[in-house]
Amino acid sequence: MRPETISWTGQSVERVEDAALLTGRGRFIDDLGVRPGTLHAAILRSPHAHADILSIDSTAAAAMPGVAAIVTGRDLARLTTPMVAGLKVAVENWPMAVERVRYVGEPVAIVVAQDRYLAEDALDAIEIEYAPRPCVVDPLASLGADAPVLHDKAGANLVSDRCFRYGEPEAAFAQAAHRLEVSIAYPRNTGAPMETFGVVADYDPHEDAYEILANFQGPFSIHAVMARCLKVPGNRLRLRMPPDSGGSFGVKQGVAPYAVLIGVAARLARAPVKWIEDRLEHLSAAVAATNRVTTLKAAVTSEGRITALDWDQVEDCGAYPRAPEPATLYRMHGNMTGAYDIANLAIRNRVVLTNKAPTGLVRGFGGPQVYYALERLMQRIAVTLGLDPLAVIRANLIQRGQFPYRTASGALYDSGDYAKAIDLAVADGRLAELERRRNEARAAGRRYGIGFAAAVEPSVSNMGYITSVLTAAERQKAGPKNGAQATATVSLDPVGSVSVHVASVPQGQGHRTVLAQVVADVFGLSREAISVVVDLDTGKDAWSIASGNYSSRFAAAVAGTAHLAATRLRDKLAAIAASQLDVAPAQIGFAGGAVFATGDATKTLPFGRVAALSHWSPALLPDGVDQAIRETAFWTPPELAAPTEDDQVNSSLCHGFIFDMAGVEVDVDTGKVRIDRYVTMHDCGRVLHPGMVEGQIRGGFAQALGATFYEELAYAYDGAFLTGTFADYLLPTATETPDIAILHIETPSPFTPLGAKGVGEGNCMSTPVCLANAVADAIGVAELDLPLTPARIAALVAAAEPARPASDGGRAAELGAARPGDRTLRGEGQAKVAATPEAIWAMLLDAEQLASIIPGCHGVRKLSETHFKADVTLGVGPVKGRYKAEIRLSDLDGPKAATLTGSVSGALGTGGGSGRVILSAGEDGLTVISYSYEAAVGGKVAAIGGRLLDGAAKAIIAQFFAALARKAAPAGARTGFFARLLGRRG
Amino acid sequence: MPRLSATARHRVAFTLNGRPVSLEAEPRLLATDALRHGLGATGTHVGCEHGVCGACTIQIDGAPARACLTLAVQLEGRDVRTVEGLSPAADRLSVMQAAFRRHHALQCGFCTAGILISLDAFLREQPHPTEDELREVVGGHLCRCTGYTPIIRAALEAAAQLLDAPPLPEPAHV
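Going down the list, the sequences are from chains A and B.
All residue numbers for the first sequence refer to full-length UniProt numbering, where the first residue is 1 and numbers rise by one.
All residue numbers for the second sequence refer to full-length UniProt numbering, where the first residue is 1 and numbers rise by one.
In isolation and in its complexed conformation, chain A is listed as follows (with noise of 0.2 angstroms):
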């Protein structure tokens, strides 16, 4: 055979997606035209943490102009039944809340209009009345007896406690001779895709039939969970995807729920309904990685050596714990030994919902959290024997020759040689260096740290992991799963022009260009010359439930899968070629646009004529090929077998390994941290396009380095969401950025088509713990808990703070002492009133007297003789809105003391507290007034304007103590000194 004369695979070609993008001609879900007529939705969410949903009134809202539906929970629960998670567990995973909210951000209504602003309109004209519960956001104290349960049925918060146990643990722990343990919280974050989720939903009432288009990313599994949502058969629900979509990093697996509400939407609405996500709506509610606790142990030779592994982990799946998860607990599995040879293994993990949002896939998916423990343990044991880190890391390391390794928990790893990848990543002065410059920056008394972090990224997830969260009985009862289908079409046109398509829905990794390449060397053509389509439509294209784009399977199985159909449908045109020029097909070659017999140059026809022959004249097809129009593969790996009944699964194919090294210097008087030298070492197997790999490289380390050091998806212990805009959820940019030194090793995975592994992930899993080592390092500290802001680095490295003053102390206790995550607002003060107690007394007690004090009221109701009803217009900074106020009277002295508690809700949010107010006799006749109080706020105002909070309270309670003032005074004391007689502080 004639060589091929251009192999486009492995270099880093331009991509064919890059000018219509570059020049504003994308195609994401909002720049697709809509169907005349389609109208557009608003969601209405919660500004309760947990709260029942006392009544809904959409009467005013529904009376607006051009609204055309409201849709709650209660139509919700009629049409569709709840999404199911991979948990067996007495809790309904519904999309929307039904009679109940469970975190800050759920949806409570849908308001379809002709357009959003009038939506929007209408949302605050929606009344709920919530009679809120205490919740609970700490996964620990979820863990608790006294915790308020989430989901009654369930009986309890833990809905999944699962222990597994691979060789001799205890033998192992008892027999070491070190016993070693870290404790990490690791802190909810999130992908944050530049582009938001996007929904355009219609229904046919015929056929009963839902066709949806959304920037939805996969795993297809989800597709079943929708349809049964939505309870209608697979084939009745149409689900398309548009062209491009704006960045996912595995949260747009979180439109799924969305597909389903704006399904209903447009059911009840009876016509097509578009919603686009806003920001606040996306950080506070679409996906966060889970937070998770863990106890990590490990027995430990005098050498360093790790002889056993004992794992705790605590994992958050926040209100509800919804499909695909628990699968962040479950995806490292096989590999949580990480790239070390250890063969005693005990797990356990448990599962827990809180009052937060739902997670879901986040780039990492379950990587970052079990790195972050593993790594901080390696260097731990560094420091605690006082060992070289990187000797300790080198003495576990799975050694080349083991290869194809089975780990304890099961996992065959493909392929890799660990050692020889750090020799390389340390060689040539690279750690050297870094040495040189911790010794110099440390002679000149700077806090300068090296960090190190080995890690085995997965990748071409096993669809079977997730059932290990199940027992083997119940896996046995429900039936295996396992594999990993993927799937590629590649067609022929009558011109014979090459068309590949596959289910794979890329979100800006540049899948057209890869597969071009790929397709293109199989057919000895240019890669212009091969058309690549990769908007899926599940109605019409080849898909299975392991399509869609995560767990970093492009290049490993689609490219592979698409590689498989074009080899294919080649051999069918080598033997329509081989007939045609009368010679055998294994003769046929194909390059340069022909396909020839090898060693003959008179036999040569153009590519395009072989390859239109079985659509113009069939009959000339030679015996044994039906067709060479159009070829679809499947492709699942054999290795991807379900959970043993021992409980070992291969929860991945493929087993790519990075080891980073960090240089940083802390300032120890500003806690920031300055990336000095970062190093990354990469095997992701055959590499198909070097450009690509960078960029996945590149950016998964930029966000890695958010979630190092800004990212965090901030709760106060009241449930209240603080970081609901990117003035509060900071993300990296191009002045934080450093630039990295990228290397690569390759060995090719035995495993898949090209040899190639997974690569998008590494990062996000091993750069959080290397930059964390490099700070412990340069700072001396054994616990550290990320995001490592300033503040944190600054508190662990600053001198003591001087204790308060007694007196202060004293008054912090009164009023209740400040938890973490704290955002209550605290503050006492004191009024003087020209009136007697008496007069005072009766005002707190009269409905129309209140009415005239409270600050912003529009009327006061008196349902009790202690309890009244308000509407009321309140600001905070630029934010201005509407409340119904609640206020009750409770521990009645009269006309000494009562205790006032109030509520506040409305569309921007919600706000609580209590006062205690206590009324003496002065001098003068004057009456004094001192009151103390503590209030939260929360709701959309806590996520957008936390910082104004404190000065708003206080000026609303002064408000109110001074119209108390003015109203109680005789007349003839209200008069221009009224203000001198108003002392106030706190």
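Fair warning: there could be bad hints in the mix.
[As the list claims (entries may be wrong)] Listed next, with one range per pair, are the computed distances between beta-carbon atoms: (1) B:Gly77 with A:Thr873: 34 to 40 angstroms; (2) B:Asp132 with A:Thr873: 29 to 35 angstroms; (3) A:Pro404 with B:Asp132: 44 to 50 angstroms; (4) A:Arg882 with B:Arg11: 31 to 37 angstroms; (5) A:Gln830 with B:Asp132: 52 to 58 angstroms; (6) B:Asp79 with A:Lys420: 57 to 63 angstroms; (7) B:Ser5 with A:Thr866: 43 to 49 angstroms; (8) A:Asp535 with B:Gly62: 32 to 38 angstroms; (9) B:Asp132 with A:Pro855: 47 to 53 angstroms; (10) B:Asp61 with A:Pro790: 37 to 43 angstroms; (11) B:Gly40 with A:Ala60: 31 to 37 angstroms; (12) A:Gly780 with B:Glu131: 33 to 39 angstroms; (13) A:Asp535 with B:Asp91: 19 to 25 angstroms.
[Unchecked claim] To give an idea of the chain A side of the interface with chain B (calculated C-beta under 7 angstroms), a few residues: (14) Asp18; (15) Leu22; (16) Met194; (17) Glu195; (18) Arg279; (19) Gln507; (20) Gly508; (21) Gly695; (22) Arg698; (23) Leu731; (24) Thr733; (25) Ala734; (26) Thr735; (27) Asp739; (28) Ala741; (29) His744.
[To be verified] For lysine to any residue, the following SDA-like pairs were computed, each having C-alpha atoms within a straight-line distance of at most 25 angstroms: (30) A:Lys481 with A:Pro753; (31) A:Lys672 with B:Glu136; (32) A:Lys672 with B:Gly139.
Keep in mind the hints are simulated off the structure, nothing from the lab.
The C-beta atom is built at its ideal place from N, Cα and C for all residues, glycine as well.
Start from chain A and add chain B according to the hints.
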């Protein structure tokens, strides 16, 4: 500026990428919605709607502005430039766009329009940018895919090319 009624629609006329355009807009209509859905110029993207991410950056009379913090009626009489107006012809890329493609300075491409617009405006004022200056400019934008370094490389290279001599435009189709 004339007084506008909140409930009425007003005719807003301006220049978009060199061509006169107009649409009916309520005073509260955002410039992003006017451009994208009113005029079909969907190249300008909306990432946060609170002025941080920079995806929606456009040029108004040559100065970069966040379209999500601009009302459509504020465009009246202005000269507006969006990503659709950056390339010299429909099948060509600008020098900066071509450099972005060479350096893989975009992945999903959602944030790219805003970055191109900001760089275009900046290079007109500062044709000799340093890397630090370019990092500052690009620092006004959020990109979640690239890790920024390829963007900076592309911008440095394009700036140098623009200084030397305007090179031949490159075909948009490979």
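Right, here's what the structure says about each hint:
no.: 1; hint: B:Gly77 with A:Thr873: 34 to 40 angstroms; in the structure: holds, 37 angstroms
no.: 2; hint: B:Asp132 with A:Thr873: 29 to 35 angstroms; in the structure: violated, 48 angstroms
no.: 3; hint: A:Pro404 with B:Asp132: 44 to 50 angstroms; in the structure: holds, 48 angstroms
no.: 4; hint: A:Arg882 with B:Arg11: 31 to 37 angstroms; in the structure: holds, 33 angstroms
no.: 5; hint: A:Gln830 with B:Asp132: 52 to 58 angstroms; in the structure: holds, 54 angstroms
no.: 6; hint: B:Asp79 with A:Lys420: 57 to 63 angstroms; in the structure: holds, 59 angstroms
no.: 7; hint: B:Ser5 with A:Thr866: 43 to 49 angstroms; in the structure: holds, 47 angstroms
no.: 8; hint: A:Asp535 with B:Gly62: 32 to 38 angstroms; in the structure: holds, 37 angstroms
no.: 9; hint: B:Asp132 with A:Pro855: 47 to 53 angstroms; in the structure: holds, 49 angstroms
no.: 10; hint: B:Asp61 with A:Pro790: 37 to 43 angstroms; in the structure: holds, 39 angstroms
no.: 11; hint: B:Gly40 with A:Ala60: 31 to 37 angstroms; in the structure: holds, 35 angstroms
no.: 12; hint: A:Gly780 with B:Glu131: 33 to 39 angstroms; in the structure: holds, 34 angstroms
no.: 13; hint: A:Asp535 with B:Asp91: 19 to 25 angstroms; in the structure: holds, 23 angstroms
no.: 14; hint: Asp18; in the structure: holds, 4 angstroms
no.: 15; hint: Leu22; in the structure: holds, 4 angstroms
no.: 16; hint: Met194; in the structure: holds, 4 angstroms
no.: 17; hint: Glu195; in the structure: holds, 5 angstroms
no.: 18; hint: Arg279; in the structure: holds, 4 angstroms
no.: 19; hint: Gln507; in the structure: holds, 6 angstroms
no.: 20; hint: Gly508; in the structure: holds, 3 angstroms
no.: 21; hint: Gly695; in the structure: holds, 5 angstroms
no.: 22; hint: Arg698; in the structure: holds, 3 angstroms
no.: 23; hint: Leu731; in the structure: holds, 5 angstroms
no.: 24; hint: Thr733; in the structure: holds, 4 angstroms
no.: 25; hint: Ala734; in the structure: holds, 4 angstroms
no.: 26; hint: Thr735; in the structure: holds, 4 angstroms
no.: 27; hint: Asp739; in the structure: holds, 5 angstroms
no.: 28; hint: Ala741; in the structure: violated, 11 angstroms
no.: 29; hint: His744; in the structure: violated, 16 angstroms
no.: 30; hint: A:Lys481 with A:Pro753; in the structure: holds, 23 angstroms
no.: 31; hint: A:Lys672 with B:Glu136; in the structure: holds, 19 angstroms
no.: 32; hint: A:Lys672 with B:Gly139; in the structure: holds, 18 angstroms
This entry does not satisfy hints 2, 28 and 29, going by the numbered hints stated previously.
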